[in-house]
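> Sequence:
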Amino acid sequence: MFLLLRIKVMNWIKLIYSLVGVFSLQFILADFLSINGIRPDFVLIYILYIGLHHGSFPSIIFGFFLGLLVDFTGVGSFFGLTSFTYVITGYLSGFLHGKYYKMIPIYFHLIWIGIILFHFFIYSFIRYQDLFETTMTVFWLKWILTSGYTLGFLAIFQMIIPLQQGD
Numbered sequence: 002m003f004l005l006l007r008i009k010v011m012n013w014i015k016l017i018y019s020l021v022g023v024f025s026l027q028f029i030l031a032d033f034l035s036i037n038g039i040r041p042d043f044v045l046i047y048i049l050y051i052g053l054h055h056g057s058f059p060s061i062i063f064g065f066f067l068g069l070l071v072d073f074t075g076v077g078s079f080f081g082l083t084s085f086t087y088v089i090t091g092y093l094s095g096f097l098h099g100k101y102y103k104m105i106p107i108y109f110h111l112i113w114i115g116i117i118l119f120h121f122f123i124y125s126f127i128r129y130q131d132l133f134e135t136t137m138t139v140f141w142l143k144w145i146l147t148s149g150y151t152l153g154f155l156a157i158f159q160m161i162i163p164l165q166q167g168d
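FYI, the numbering for the sequence shown is 2 to 168, going by the working numbering.
Some clues are possibly wrong.
[Said to hold, decoys possible] In the DMTMM-like style, the derived pairs of lysine to aspartate or glutamate whose C-alpha atoms are separated by at most 25 Å in a straight line are:
1. 143 with 72
2. 143 with 32
3. 100 with 32
4. 143 with 131
[What the hints assert, rightly or not] For each label pair, taking beta carbons as the anchor points, the in silico distance ranges come out as:
5. 17 with 134: 37 to 47 Å
6. 131 with 163: 22 to 32 Å
7. 29 with 156: 20 to 30 Å
8. 145 with 28: 20 to 30 Å
9. 62 with 162: 20 to 30 Å
10. 130 with 35: 37 to 47 Å
11. 15 with 139: 37 to 47 Å
12. 35 with 160: 34 to 44 Å
13. 35 with 158: 33 to 43 Å
14. 104 with 158: 34 to 44 Å
15. 135 with 103: 41 to 51 Å
16. 163 with 135: 37 to 47 Å
17. 18 with 130: 30 to 40 Å
18. 139 with 21: 33 to 43 Å
Calculated directly from the structure, the hints in this document are not laboratory data. Predicted model, so just to flag it, every value in this text is computed and none were measured. C-beta atoms are modelled at their ideal positions from N, C-alpha and C, and glycine is treated no differently.
My request is simple: use the sequences and hints to build the entire structure.
Below is the structure:
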């Protein structure tokens, strides 16, 4: 019993250490890697990994607090928007926990790509609502570019740590 509790505590400690590392990476590299105001979202990638490897509950908790941290540091523009979208992403990605070998792999990958695209649609729709109302093509271009930039980094990270590794 004590050993199981200790293992769970150690898993949470590893998650918290990696959380600090990812947040530092986002905070330090976000402006450096910015192209015309479009930044990769390393925290979103981390929340997706937590949801796929540990389930909905940890990814919702980490998504909420990381979203608040991102909003406090001024990286986001609307307070609470990042937290809201991270919680939705964590909740949806938690449904894929342990499902890689139970699903057709292409469906698994299409679903998590859809989750990322849905995250960025909500984020872009709220953040760039003036573009949505005035110039629709610029809005869709912003959405595709922000999604694509993060998905590009996710593809690179997946070569190092595959999404389905923890199943």
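> Looking back at the numbered hints, which does the structure fail to meet, lowest number first?
3, 6, 10, 12, 13 and 14
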